[in-house]
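Chemist: Use the sequences and the hints to build the structure in full.
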Amino acid sequence: EPEVTQTPSHQVTQMGQEVILRCVPISNHLYFYWYRQILGQKVEFLVSFYNNEISEKSEIFDDQFSVERPDGSNFTLKIRSTKLEDSAMYFCASSVSSGSPGEQFFGPGTRLTVL
Amino acid sequence: GESVGLHLPTLSVQEGDNSIINCAYSNSASDYFIWYKQESGKGPQFIIDIRSNMDKRQGQRVTVLLNKTVKHLSLQIAATQPGDSAVYFCAEWFPGGGNKLTFGTGTQLKVEL
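Chains as they are written, first to last, in the working numbering: chain R, 1 to 115; chain W, 116 to 228.
Hints are not guaranteed to be accurate.
Claimed, not checked - Result set (DSSO-like, lysine-lysine): computed pairs, CA atoms no more than 27 Å apart in a straight line: (1) Lys186(W) <-> Lys42(R); (2) Lys57(R) <-> Lys171(W); (3) Lys157(W) <-> Lys83(R); (4) Lys57(R) <-> Lys78(R); (5) Lys225(W) <-> Lys42(R); (6) Lys186(W) <-> Lys171(W); (7) Lys171(W) <-> Lys83(R); (8) Lys42(R) <-> Lys83(R); (9) Lys57(R) <-> Lys186(W); (10) Lys157(W) <-> Lys42(R); (11) Lys157(W) <-> Lys57(R); (12) Lys157(W) <-> Lys183(W); (13) Lys78(R) <-> Lys183(W).
Claimed, not checked - Pair ranges (Cβ atoms, derived): (14) Ser66(R) <-> Lys171(W): 41 to 49 Å; (15) Gln129(W) <-> Ile54(R): 25 to 33 Å; (16) Asp71(R) <-> Val185(W): 43 to 51 Å; (17) Met15(R) <-> Gln173(W): 46 to 54 Å; (18) His187(W) <-> Gly72(R): 30 to 38 Å; (19) Ala193(W) <-> Val96(R): 27 to 35 Å; (20) Glu68(R) <-> Val185(W): 36 to 44 Å.
For the record, the hints were derived by calculation from the structure and aren't laboratory data.
The structure displayed is predicted, hence computed values, not measured ones.
Cβ atoms here follow ideal geometry from the backbone N, Cα and C, with glycine treated the same way.
Modeler: Right, here's the structure in full:
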């Protein structure tokens, strides 16, 4: 069964450093998303991406964040200068279309720890 | 809105009993609601969804009920099994929102043998 994959599973970084989280969405999906989950809290939307551009972003997704689809398979989230409060699980998701949000498939997540 | 904290509401049930997990949503424009299951160390997994023009939908061992009057959603799990132990989140979606899902706080379901 096709699935969303994410690398690395755990990333430890120093405050102020740049990190890139990588995702490979399901191959025939057209919509891509990043969510984050601070430990013990709810999942929060960061950004949605379609046709090589951002279609929606949350207040969390400030100028320190960027997304890119560098090739036909990868979808990345970059944090330019990490802060302690960026420590969280980051989930990538993808869907075939926008008409059925229940079809958003989530990856296993990357745990980001900022020291 | 819903409160967010470090301690999730917890529901403990005996194996074989039915479980009912509740969720309050905030956006009256939401058109679509989804229940996700999240096991420890994993991403959210889709369980069942319901559109706003329905008040009940059944799946395999799961039923979702929607009460738009009071903006309330529930997930019923029949004959709860140890493998059902997880955190359950409701999520809402509304048209024109960039396809984003807005998640609730979550409920920890613990199944006791």
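Chemist: Run every hint past the structure and note whether it holds.
Modeler: We went through each hint and held it up to the structure:
1. In summary, the hint linking Lys186(W) to Lys42(R) is supported, as the alpha carbons are separated by about 19 Å, within the 27 Å threshold.
2. For the given pair, Lys57(R) sits about 31 Å from Lys171(W) by alpha-carbon distance, which is inconsistent with the 27 Å threshold.
3. Annotation: proposed proximity of Lys157(W) to Lys83(R) holds, straight-line Cα distance about 24 Å (limit 27 Å).
4. This hinted pair checks out: Lys57(R) and Lys78(R) have alpha carbons roughly 14 Å apart, not beyond 27 Å.
5. For the hint pairing Lys225(W) with Lys42(R), the CA-to-CA distance comes to about 18 Å; that is within 27 Å, so the pair holds.
6. Our distance criterion of 27 Å between C-alpha atoms is met by Lys186(W) and Lys171(W), whose separation comes to about 14 Å.
7. With a C-alpha separation of about 44 Å, the suggested pair Lys171(W) and Lys83(R) falls outside the 27 Å cut-off, and the hint is violated.
8. Straight-line distance between C-alpha atoms of Lys42(R) and Lys83(R) comes to about 20 Å, which keeps the hinted pair within the 27 Å bound.
9. At most 27 Å may separate the alpha-carbon atoms for a hinted pair to count; Lys57(R) and Lys186(W) meet this at roughly 25 Å.
10. Proximity of Lys157(W) to Lys42(R) is assessed by CA-CA distance (about 14 Å); at most 27 Å being required, the pair is judged to hold.
11. Only pairs whose Cα atoms come within 27 Å are accepted, and Lys157(W) paired with Lys57(R) is accepted, the gap being roughly 24 Å.
12. Among the hinted pairs, Lys157(W) with Lys183(W) is inconsistent with the structure: their alpha-carbon atoms are about 31 Å apart, more than 27 Å.
13. The hinted pair formed by Lys78(R) and Lys183(W) fails the criterion: a straight-line CA distance of about 39 Å is larger than 27 Å.
14. Restraint check, Ser66(R) to Lys171(W): a C-beta distance of roughly 42 Å satisfies the suggested window 41 to 49 Å.
15. Between Gln129(W) and Ile54(R) the Cβ separation comes to about 47 Å, which falls outside the hinted range of 25 to 33 Å.
16. At roughly 48 Å, the beta carbons of Asp71(R) and Val185(W) sit within the given window of 43 to 51 Å.
17. Look at Met15(R) against Gln173(W): about 49 Å separates their beta carbons, and that is inside 46 to 54 Å.
18. Evaluation of the 30 to 38 Å hint for His187(W) and Gly72(R) yields a failure: the beta carbon distance comes to about 43 Å.
19. Between Ala193(W) and Val96(R), the C-beta spacing of about 30 Å keeps the proposed range 27 to 35 Å intact.
20. In this structure, Glu68(R) and Val185(W) meet the distance hint of 36 to 44 Å, their C-beta atoms being roughly 43 Å apart.
Hints 2, 7, 12, 13, 15 and 18, counting from the list given before, are not met by this structure.
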